[in-house]
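Enquirer: Build the full structure now, drawing on both the sequences and the hints.
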Amino acid sequence: MQQELYIRILKYCLILLITAIFFFPLYWTLTMVFKSYHEWSTAHGAAIHWWPTHFNFDNITYLFQRQTQHSPLAATATRPLINSIIVSFTGTALAVVLGVLAAYGVSRYKVKKEFPIMLLTLRMFPPVAVLIPLMIMWAFLRFTDTWYGLTLVYGLVTLPFAVWLMLTFFDEIPNELTEAAIVDGCTNWQAFQKVILPLAKGGIASTALFCFILNWSDFAVALSLTTRNMKTVPVYLNMLQTAFEGEQYGPKAALGIIAVIVPVVFGIAIQKYLVRGLTFGAIKK
Amino acid sequence: MADITLDNLVKKFGRQTAVDHLNLSIKDKEFVAILGPSGCGKTTIMNMISGLLNPDSGQVRFDGKVMNKVPPGKRGVGFVFQNYAIFTYMSVYDNIAFGLKVNKIPPSTIDKEVKAVAELLQVDHLLEMNAGKLSVNDMQKVALGRSMVTKPQIFLLDEPLSNLDAALRSKMRAELKKIQQELGQTTIYVTHDQVEAMSLSGKIAVMNFAVLQQYDTPHNIYNHPVNMFVANFIGSPTINFVEATFQSGELILDDFQGFHFPLSSATANQIQTKLKSDKVVIGIRPEHVKVTNGKNGGNSDIKAEIVNYELLGARTVLYMHPSMNTENIIKSTMPSDFKAKNGNFASLTFEEQHLYVFDKESTELVWRTEATWHQSA
Chain A
1 MQQELYIRIL KYCLILLITA IFFFPLYWTL TMVFKSYHEW STAHGAAIHW WPTHFNFDNI
61 TYLFQRQTQH SPLAATATRP LINSIIVSFT GTALAVVLGV LAAYGVSRYK VKKEFPIMLL
121 TLRMFPPVAV LIPLMIMWAF LRFTDTWYGL TLVYGLVTLP FAVWLMLTFF DEIPNELTEA
181 AIVDGCTNWQ AFQKVILPLA KGGIASTALF CFILNWSDFA VALSLTTRNM KTVPVYLNML
241 QTAFEGEQYG PKAALGIIAV IVPVVFGIAI QKYLVRGLTF GAIKK
Chain V
1001 MADITLDNLV KKFGRQTAVD HLNLSIKDKE FVAILGPSGC GKTTIMNMIS GLLNPDSGQV
1061 RFDGKVMNKV PPGKRGVGFV FQNYAIFTYM SVYDNIAFGL KVNKIPPSTI DKEVKAVAEL
1121 LQVDHLLEMN AGKLSVNDMQ KVALGRSMVT KPQIFLLDEP LSNLDAALRS KMRAELKKIQ
1181 QELGQTTIYV THDQVEAMSL SGKIAVMNFA VLQQYDTPHN IYNHPVNMFV ANFIGSPTIN
1241 FVEATFQSGE LILDDFQGFH FPLSSATANQ IQTKLKSDKV VIGIRPEHVK VTNGKNGGNS
1301 DIKAEIVNYE LLGARTVLYM HPSMNTENII KSTMPSDFKA KNGNFASLTF EEQHLYVFDK
1361 ESTELVWRTE ATWHQSA
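Those protein sequences? They're chains A and V, same order as listed.
Note that my numbering has the first sequence beginning at 1, numbered continuously upward.
Note that my numbering has the second sequence beginning at 1001, numbered continuously upward.
Hints should not be assumed to be uniformly reliable.
With a straight-line Cα cutoff of 20 Å, these simulated SDA-like cross-link-like pairs (lysine to any residue) come out [stated by the list, open to error]: (1) V/K1151 <-> V/S1108; (2) V/K1069 <-> V/N1083; (3) V/K1101 <-> A/N188; (4) A/K272 <-> V/K1012; (5) A/K112 <-> V/Q1016; (6) A/K113 <-> V/G1014; (7) A/K194 <-> V/Q1016; (8) A/K201 <-> V/G1132; (9) A/K113 <-> A/W164; (10) A/K112 <-> V/V1317; (11) V/K1101 <-> V/D1124; (12) V/K1360 <-> V/D1337.
Quick caveat, the hints were computed from the structure, so don't treat them as lab data.
Expert: What follows is the structure, given as structure tokens:
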């Protein structure tokens, strides 16, 4: 009995420790947002401040104030935020629409068994590998620094994932549902739209969230394909430094937290479908 | 009016032949069962009739009209799938109304039709319920209702009762038969359950390995199977097979130490004319094997040892080894007052009029008494 208790205590201590390690960066970022300059910078000595002593919003306002004495930034964070939202959502929409249609086709019609694996191998190499040729192509097409240029890349880069994920969902939906709808007078497209799509909602939601997170956190593609107007949040985040003050850790933390909010809100918005979507494959009838 | 003609239908999947030169003609209002073991091409036939699959060659005709190019939705068939294919995220009402809505029927008519069908199937109290929450029994009814509501001329049922438990199955069997008689559609019913096929249908098509074996009334299928496969597939417990040699008007039962079974001269002549070699297999239904307890009991020299028995209430099924031969098992159904004991010896008797004689090589039926033959209508 005694021994069991010890093991239990030890187990919970371990869980607590691991949780603390995982949550520490989030804790540090979050508290840093509300710290004043001399608390997050090392300019006034290297004292560690675990909690903001002078709770303030300076770091946030810094991001959105343009050309003041305290803000030597050329551009505020507003534009990159809007850019990120536009390209991430449109890129996701592109991947999901094409992915859903392609996956349904692969799932229902005779396609080589190896196809899904072949598809995934497309994503085995890092996007950076094709970045230079892509840059040249995009420059040639005048797609650099445009929202559609990024949308196109994001859509295509996440497409294999979207197809792969949707395939597992479609494979779970019995073909008889389509056949029943067709016998009742539906065309193939109507059967897909009226019978299959409503059933695949959960899958579409989780696929969309997954693609969105990939697009939202992309740095390399956006860095090389944008110059001025279409900078996204990760690229902008990297620029938050000045020659005079060095790395702007405080504002960076603030923007980091803001960047976390968007996917979280998106996730909560589709949560209703998400839970079912993620457990979809787990239950065998 | 809808009679169905299948003319030389062939369907292959890769190298596998699913349906091999199938000819079948089904009359209007007829209830036909397609019976066969799993994977013998039953569902493929249904899919070709409904239009979900195109045959590689051959024709599907309804009332003489070739349907090969007509899309499934325009063929006027209702299809009930084995797993029901219920649209689980819709209400029962929307499920039943689906076919009507797709065909753009005015809402007032839809409402009337859905309610009429729901009432017939006794699911009218469930109309507002989510179809995913239904019991299996009700799901089955909704699936039936969904294909009935469009008033198809042809009804295709693909193992509709296989997911139900035994008690429910016999109840639904009766209901199905009643509904079919009321609505009078031509119905094709796929099953691997011989009881369903025998009890429901006017005619049975027995399939094996993509080939139609026999297409006849349940009575003739049981009493005049064309070959050993059909004889073995229909009947429970299954028919007994005993290897024998046909010699000078007698059957020498190889499985029973060469016991001589005398035949009437008329029978012997009939067998003689049809037989190619002298090796035959005789079939005897378990209900025709009479058993007398004791080594010296009865007036027969065919001896067997009881190795197992099952008390089924109304009757007792005996499993016996012919003496000195443990490879073959002879089954017999006896009245329930029969005193069976494992290890006991018994004497077996059976009569000529109950024999099925098959050619051993071709497995085809060579002789069966004409008395049991019913000319099908």
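Enquirer: Quick check: which numbered hints come out false for this structure?
Expert: Numbers 2, 4, 7, 10 and 12, in rising order.
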